[in-house]
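Could you slot chain B onto chain A? The hints should help.
Given next are the chains, with one letter for each unit.
There are 2 protein chains.
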Amino acid sequence: MVLSLDTPLDMHLHLRDGEMLEIVAPLSAETFSGALVMPNLVPPVTTAQMVRDYRERIAKAQGAHRFVPYMTLFFRSDYTPEFLEEVRDEILAIKLYPAGITTNSEGGVSGFDLEELAPVLGVMSDLGIPLCVHGETNGFVMDREAEFIPIYERLAQAFPDLKIVMEHITTKEAVAALDRYENLYATITLHHLYITLDDVAGGLLQPHLFCKPIAKRPEDRTALLNVALGAHPKVMFGSDSAPHPREAKEAPGCAAGVFTAPLALQGLAQLFDRHGALANLQAFVSDNARRIYGITPPDKEVVLEKSPWLVPEIYEGTVVPMFAGQSLEWRVVSAK
Amino acid sequence: MVLSLDTPLDMHLHLRDGEMLEIVAPLSAETFSGALVMPNLVPPVTTAQMVRDYRERIAKAQGAHRFVPYMTLFFRSDYTPEFLEEVRDEILAIKLYPAGITTNSEGGVSGFDLEELAPVLGVMSDLGIPLCVHGETNGFVMDREAEFIPIYERLAQAFPDLKIVMEHITTKEAVAALDRYENLYATITLHHLYITLDDVAGGLLQPHLFCKPIAKRPEDRTALLNVALGAHPKVMFGSDSAPHPREAKEAPGCAAGVFTAPLALQGLAQLFDRHGALANLQAFVSDNARRIYGITPPDKEVVLEKSPWLVPEIYEGTVVPMFAGQSLEWRVVSAK
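Read top to bottom, the protein sequences are chains A and B. Take any residue in the first sequence, count from 1 to its spot, add 211: that is its number in our numbering. Take any residue in the second sequence, count from 1 to its spot, add 211: that is its number in our numbering.
Rather than coming from a laboratory, the hints here were simulated on the basis of the structure. Watch out, some of these pointers could steer you wrong.
[To be verified] Straight-line C-alpha distance at most 25 Å; calculated SDA-like pairs for lysine to any residue: (1) B/383 - A/413; (2) B/383 - A/430; (3) A/547 - A/491; (4) A/383 - B/351; (5) A/547 - A/518; (6) B/445 - B/525; (7) B/383 - B/503; (8) B/383 - A/358; (9) A/383 - B/429; (10) A/383 - B/430; (11) A/383 - B/445; (12) B/271 - B/237; (13) B/383 - A/349.
Only chain A is shown next, with the shape it has when bound in the complex:
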């Protein structure tokens, strides 16, 4: 059995910088046509020049693959209208992190004072710059996303023309919110479609499946599967592939993040196939994102076939992927 995907997109990707960028950029660029690149570097990407420089470093690292890094800016409430106008052609979206909620988010927003955020959000709405949000409070780990939904709702109501993307959603509450506001969208990762907290901590502890937001309950995964497999028009694939060096994952104080970029399409094909939903994968992995963001990425046809593929144990001796050393039922046979 063969599956052809037209111009796959990863609408939430961490490419990091330096050596890690060199390792992971070609892996995404090989099978994806483009990706929305997160700005949580150290320091975070907050100026037009930083955006341009980072894009250039990515272009250098990605090799010969045809691949567009769609750039983002790290949300700051003190951006001026002039700056936002200047930077708007350099970026596809602005990413908002609550302070301290995930890797390198220390400079993010503390509290959600709508009055403080309003000036920047108003200009973004006028300029048509989508807002991507890591939607977690600092509450109890299993409740953080559900507790954040009222904030999404306030934002969606206050700025009805602003496209707001609930990033890497993990709960049935976030899925339910999707249909309550026209301007709310969502990305869903590969790993949150596969795992629950049981896979992280139900048997032995699995640091390579530890991520933020943490994988939730079985009924939450079911809700995510429903909209992903059902090609819900407001839901996009975003891997949140988040590489960390092996040492940072396999030690006390394990960093949050699952590395899935090089196996994402294979893993998605397996999942959609198992659920008899292969016909809907194109919408989830490309069409919805193109329509929502209004982008025209370069054509890339990725052909997968149903034939076992062994996921590497580790990439470049540094990054351990999801499904390391396990066999997936689909492999990529060509991407061009």
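Relative to chain A, chain B alone:
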């Protein structure tokens, strides 16, 4: 400030075997007068001879400290009445594990067919041998203990004269069950009084706080604190101190267990002191257990004072304790 504890008891302890036993036995024997020793060795402790041999190995390992290892047998539904009569003077209790639910529990009970368990439980009830239970189903990790409560209730109803100890309880549901059946009792660990899932996986992942049952929600911890600090007469301290070699904790597939034995009394004193409940610690850490189990352990007076004590980073280069490298507010000044 000084606190004197009379004959402290740890009613749920893993002493392991071999080298690990040599390391941990003296640490418990130093500050406790006795402990209920779990039988989940490899292979599990299932014969009178195995009980005697294990007790002897413990006695050898514990050094000169005055300390009674109260022995347990690993529950099997095919024990005969004759065997149970023979073994009854060798043991204080029988421990029941659902199969595969925690470290070395593979040989435990599959399913809870009351008819299958009834013959052994009936004899235990007649002989006055308490039943200790690791009460978790194989459901979703956050629900396993609450789902097990109906099984506790069926057991408590079917065998009203059998003392049933819900081991290392972690939920408000288990706390609530305590008062519904006269013959239900519980142990509570140090770590479940301190942590929630937030401490394990809410920030960076902390393998040394990963245990079974997993730490639950804030409202669960509150329920545990209420009965422990309030000296509820059916609740006993049981550390569930569960040493693993550092390599087994700090790697993917991290083993479940928190090592607390050598800092348990100090940690309890700090906790009870912070909550203004020092006067209730004696009941929690000794009196309740003596009454419930009807035991008369050797006198031991343990004196603690409120003065900072630095918890070692690691014991014998092998086992990392809870609070490793951190300071507790109470120290043991003498135990004799």
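A quick look at each hint next to the structure:
The suggested pairing of residue 383 of chain B with residue 413 of chain A holds, with an alpha-carbon distance near 20 Å, which does not exceed 25 Å. For the suggested pair residue 383 of chain B and residue 430 of chain A, the alpha carbons sit about 22 Å apart, so the restraint of at most 25 Å is met. About 21 Å separates the Cα atoms of residue 547 of chain A and residue 491 of chain A, which keeps this hinted pair within 25 Å; it holds. Of the supplied pair hints, the one linking residue 383 of chain A and residue 351 of chain B holds, its CA atoms being roughly 16 Å apart against a limit of 25 Å.
Under the criterion of a C-alpha separation no larger than 25 Å, the hint pairing residue 547 of chain A with residue 518 of chain A is consistent with the structure, at around 20 Å. A hinted pair counts as satisfied when its Cα atoms are at most 25 Å apart, and residue 445 of chain B with residue 525 of chain B does not qualify at roughly 34 Å. About 22 Å separates the Cα atoms of residue 383 of chain B and residue 503 of chain B, which keeps this hinted pair within 25 Å; it holds. For the suggested pair residue 383 of chain B and residue 358 of chain A, the alpha carbons sit about 22 Å apart, so the restraint of at most 25 Å is met.
Restraint check for residue 383 of chain A and residue 429 of chain B: the C-alpha separation of about 21 Å stays at or below 25 Å, so the hint holds. Under the criterion of a C-alpha separation no larger than 25 Å, the hint pairing residue 383 of chain A with residue 430 of chain B is consistent with the structure, at around 22 Å. Taking the CA atoms of residue 383 of chain A and residue 445 of chain B, the gap is near 39 Å; set against the 25 Å cutoff, the hint is violated. Of the pairs offered as hints, the one joining residue 271 of chain B and residue 237 of chain B holds, with about 10 Å between alpha carbons and a cut-off of 25 Å not exceeded.
For the proposed pair residue 383 of chain B and residue 349 of chain A, the alpha carbon gap of about 23 Å is at most 25 Å, so the pair holds.
This entry does not satisfy hints 6 and 11, going by the numbered hints stated previously.
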